[in-house]
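> Here the protein sequences come in this chain order: A and B.
Heads up: the first sequence is residues 1 to 284, going by our numbering.
Heads up: the second sequence is residues 285 to 654, going by our numbering.
No lab work stands behind these hints, which were simulated from the structure alone.
Computed from a predicted structure; not experimentally measured.
Incorrect hints may appear among the rest.
Claimed, not checked - Partial list, derived from the structure: chain B residues whose beta carbon lies under 8 Å from chain A:
(1) Pro357
(2) Ala363
(3) Phe366
(4) Phe383
(5) Val390
(6) Pro391
(7) Lys392
Stated by the list, open to error - In silico SDA-like pairs for lysine to any residue, Cα to Cα no more than 25 Å straight-line:
(8) B/Lys565 x B/Val605
(9) A/Lys171 x A/Gln242
(10) A/Lys110 x B/Asp354
(11) B/Lys358 x A/Pro174
(12) A/Lys110 x A/Leu159
(13) A/Lys272 x B/Pro373
(14) A/Lys201 x B/Leu387
(15) B/Lys392 x A/Lys276
(16) B/Lys496 x B/Asn353
(17) B/Lys379 x A/Pro174
(18) A/Lys190 x B/Lys358
(19) B/Lys392 x A/Glu178
(20) A/Lys276 x B/Ile595
(21) A/Lys276 x B/Asn413
(22) B/Lys389 x A/Glu178
(23) B/Lys379 x A/Glu178
(24) B/Lys358 x A/Leu159
(25) B/Lys400 x A/Val209
(26) A/Lys272 x A/Val209
(27) B/Lys388 x A/Lys171
(28) A/Lys110 x B/Ile340
C-beta atoms are modelled at their ideal positions from N, C-alpha and C, and glycine is treated no differently.
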Amino acid sequence: MLKKSQLARTAKKTNRTITFWLLVGSLSVFFPLYMTIMIAFKDPSQMSNSIAGILAFPKSWSFDNFQQAMAITDFWHTLSNSILITGATMIVAVIFHSLIGYAIGRSMQKRGYRLLYLYIISGMFVPFAIIMMPIVKQTAMLGIDNRFGVVLLYSIFYLPMNLMLYTGYLKNIPLSLEEAAAIDGASTFKTFWSVIFPLMKPMHATVAVLTALGTWNDVMLPLVLLSGTGQNTLPIAQLNFQSQFGTNYNLAFASYLLALIPMLIIYIIGQKQIIKGVVNGAIK
Amino acid sequence: MASISIRNLNKTYPDGVEVIDGLNLEIKDKEFIVLVGPSGCGKSTTLRMIAGLEDITGGELAIGDRVVNDVQPKDRDIAMVFQNYALYPHMTVYKNMAFGLELKKVPKDEIDQKIKEAAKVLDLEKYLNRKPKALSGGQRQRVALGRAMVRNPAVFLLDEPLSNLDAKLRTQMRTEISKLHRKLQTTFVYVTHDQTEAMTMGDRIVVLKDGKIQQVDTPENLYNKPANIFVAGFIGSPQMNFINSKVTQEGSKYFIKIDGCTLEIPAGKNKNDILSKYAGKEVVVGIRPEDFHLDQAFIEMAPKSLIDVKIDLTEMMGAEVYCYGKIDDEAIIFRAPSRFRPKEQEEIVVAIDVNKIHLFDKETTESIII
Ligand SMILES: Nc1ncnc2c1ncn2[C@@H]1O[C@H](COP(=O)(O)OP(=O)(O)O)[C@@H](O)[C@H]1O
Ligand SMILES: [Mg+2]
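The shape of chain A in the complex, shown without the other chains:
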């Protein structure tokens, strides 16, 4: 048995190491963020070529960059496009991926379902670059080179990861709940919606945040499917800040900060549930 003093000592030791790495971690996140904010609020004329000039506080905090950036990116229009695509993908992911996760996860003792699971999971190893050209061709042929097509493809691209998350989480939910529901007279479908779906809440939050982050920041798919349709998403519109002659960092970073806000909101909403999900899986 450990003595109390020993316990205290080990606890302290672990703390120090963890604190150190946490510090390194947060600095590496904080520094670029700091730089982004400084540059975004700075007039381009205040940018000198020295590091100090970039890192210094702006002489006067101004929202001019933001206004200009919004004008250049046709902000409200592209924002609503981004929200539409990300939101739709999120909803599809939570509803359909959980349903698929349930169907497959509870049938893993059957060979066919196991193979199906592995087949879908293997989709994670296919790089987008390889399938990009065929996708462009196919979507054009099918007439879905539009927002609908983008949502559809995202829903498929995120299926492997979400399937893995949902089937993993399903192991936390005792089978006897479903048996109780069966005796209570619930159909499989009803059991899913009334019992399983609500209990998966922490995983819904995780899936929603991860899916939203991925789709929100993605450039490639909207670029190849939507460019020229006038239905740009934010990351595409933000490409405007880079030109042949250079990049307007002040405007670009202001625009990035704007684009960050919706994701921040989603994360804050989902955060509590996510932590619950992680803790749940860890302790049980």
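Could you slot chain B with the ligands onto chain A? The hints should help.
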């Protein structure tokens, strides 16, 4: 009418293991029947087949007059209480009980009335708006019972419902479930691995081992007339003592020899002269721990059935003492009133109540005389 007929029931799991093999059982209407046996013997499997949660591989299962082999659980008119309660964690106590009724499209006010009634019986009125997480083990168990009650089923199925509770609560819930059975007047099928629960609650007890029924009888009969060594050893705590011995015959009298002591088997026990088949053969003698006597009166009365015991250890239980000892190197246990507590390592003389001894066939383990 909710009798249950189980005819030649078989269960083989997909992995090819035959868990239940030719089970036959008639459960009467309104009976409290207990399935008892060591863990892994197939109790839950049997119960789950009655519930419809497990496919029946072979044989026939009827509830009432209806064969239900292929009937969905919800249409079998049963309710089940699970070992881990299986309450829906995200629903309040009220909603947990209402869920099944809502699915059956029972009118709202009727649901409300049923739940209020059940809550009153189970002393849950204060907790209807709580989630299961905010309840104690005993309260959760009562909610699980309540959820079964409001469905008003013809058959209650309970799978080790008390095994997650602490000892004191278990005793308390035992009586509550018995009371509930008397009040509801329905058929109860109760699964447990605990023989005390079985003995105290069951009208009849089914003793199972390796998927086969060993004996079906009332608690008294199981205790006094066990059909074989397994039942004799399983029912009763502390366990019955088993001592290897040999039957000898002198004229019309039969004797068994234990450690130099020769006990005469009372003639009344030798029904149909069954012992004649065993003369000269090895048998197993079964003696319950309470059929050893230490008091002087008994010892004087039975000078022919005295035996030496070397005491290894005694356990004080309060009113009585459990004495662990050896007769001729065979470990035995007997109980004595605590005023007779022997010293450890002491050699003492005890009298065996020959009217209460059991003999078992050594080969078949079946009971010869009881
Ligand atoms: N789903 C299953 N698949 C394969 N074997 C099982 C399954 N469920 C139970 N068994 C086996 O069947 C036997 C009986 O199990 P069970 O009925 O749960 O026993 P009990 O409830 O009496 O402890 C055990 O040996 C167990 O390993
Ligand atoms: Mg069991």
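> Evaluate each hint against the coordinates.
Consistency of the hints with the structure:
This hint holds: proline 357 of chain B has a C-beta 5 Å from the nearest C-beta of chain A, less than the 8 Å allowed. The beta carbon of alanine 363 of chain B is positioned within 8 Å of a beta carbon in chain A (closest approach about 7 Å), and the interface hint is therefore held. Interface restraint check: phenylalanine 366 of chain B against chain A, minimum CB-CB distance 5 Å, threshold 8 Å, status holds. Look at phenylalanine 383 of chain B: its Cβ gets to within about 5 Å of chain A, closer than 8 Å, so that hint holds up.
At its closest, the beta carbon of valine 390 of chain B sits 11 Å from a beta carbon of chain A; the interface hint therefore is violated under the 8 Å criterion. Interface restraint check for proline 391 of chain B: the shortest CB-CB distance to chain A comes to about 16 Å, outside 8 Å, so the restraint is violated. The beta carbon of lysine 392 of chain B is not positioned within 8 Å of any beta carbon in chain A (closest approach about 17 Å), and the interface hint is therefore violated. Restraint check for lysine 565 of chain B and valine 605 of chain B: not satisfied, since their Cα atoms lie roughly 35 Å apart, outside the 25 Å limit.
Restraint check: the Cα-Cα separation between lysine 171 of chain A and glutamine 242 of chain A comes to about 47 Å, which exceeds 25 Å; the hinted pair is violated. For the hint linking lysine 110 of chain A to aspartate 354 of chain B, the alpha-carbon distance of about 22 Å falls within 25 Å, and the restraint holds. Taking the CA atoms of lysine 358 of chain B and proline 174 of chain A, the gap is about 20 Å. The hint holds against a cut of 25 Å. Of the pairs offered as hints, the one joining lysine 110 of chain A and leucine 159 of chain A holds, with about 20 Å between alpha carbons and a cut-off of 25 Å not exceeded.
Simply put, lysine 272 of chain A and proline 373 of chain B have alpha-carbon atoms about 18 Å apart, close enough for the 25 Å limit, and the pair holds. Distance check on the hinted pair: lysine 201 of chain A and leucine 387 of chain B sit about 23 Å apart at the alpha-carbon level, within 25 Å; holds. Only pairs whose Cα atoms come within 25 Å are accepted, and lysine 392 of chain B paired with lysine 276 of chain A is rejected, the gap being roughly 34 Å. At roughly 20 Å between alpha-carbon atoms, lysine 496 of chain B and asparagine 353 of chain B fall within 25 Å of each other, so this suggested pair holds.
Between lysine 379 of chain B and proline 174 of chain A the CA atoms are separated by roughly 19 Å; this keeps the pair inside 25 Å, and the hint holds. With a C-alpha separation of about 13 Å, the suggested pairing of lysine 190 of chain A with lysine 358 of chain B holds against the 25 Å cut-off. Proposed proximity of lysine 392 of chain B and glutamate 178 of chain A is supported: the alpha carbons are some 24 Å apart, at most 25 Å. Pair hint lysine 276 of chain A plus isoleucine 595 of chain B does not hold up; C-alpha atoms about 58 Å apart against a cutoff of 25 Å.
Proposed proximity of lysine 276 of chain A and asparagine 413 of chain B is supported: the alpha carbons are some 23 Å apart, at most 25 Å. Restraint check for lysine 389 of chain B and glutamate 178 of chain A: the C-alpha separation of about 20 Å stays at or below 25 Å, so the hint holds. Annotation: proposed proximity of lysine 379 of chain B to glutamate 178 of chain A holds, straight-line Cα distance about 16 Å (limit 25 Å). Of the supplied pair hints, the one linking lysine 358 of chain B and leucine 159 of chain A is violated, its CA atoms being roughly 34 Å apart against a limit of 25 Å.
Between the alpha carbons of lysine 400 of chain B and valine 209 of chain A the distance comes to roughly 42 Å, so the proposed pair goes past 25 Å and is violated. At most 25 Å may separate the alpha-carbon atoms for a hinted pair to count; lysine 272 of chain A and valine 209 of chain A meet this at roughly 12 Å. Taken as a hint, the lysine 388 of chain B and lysine 171 of chain A pair is broken in the structure, with Cα atoms around 29 Å apart against an allowance of 25 Å. With a CA separation close to 19 Å, the supplied pair lysine 110 of chain A and isoleucine 340 of chain B stays within the 25 Å bound.
The structure fails to meet hints 5, 6, 7, 8, 9, 15, 20, 24, 25 and 27 from the earlier list, while all remaining hints are met.
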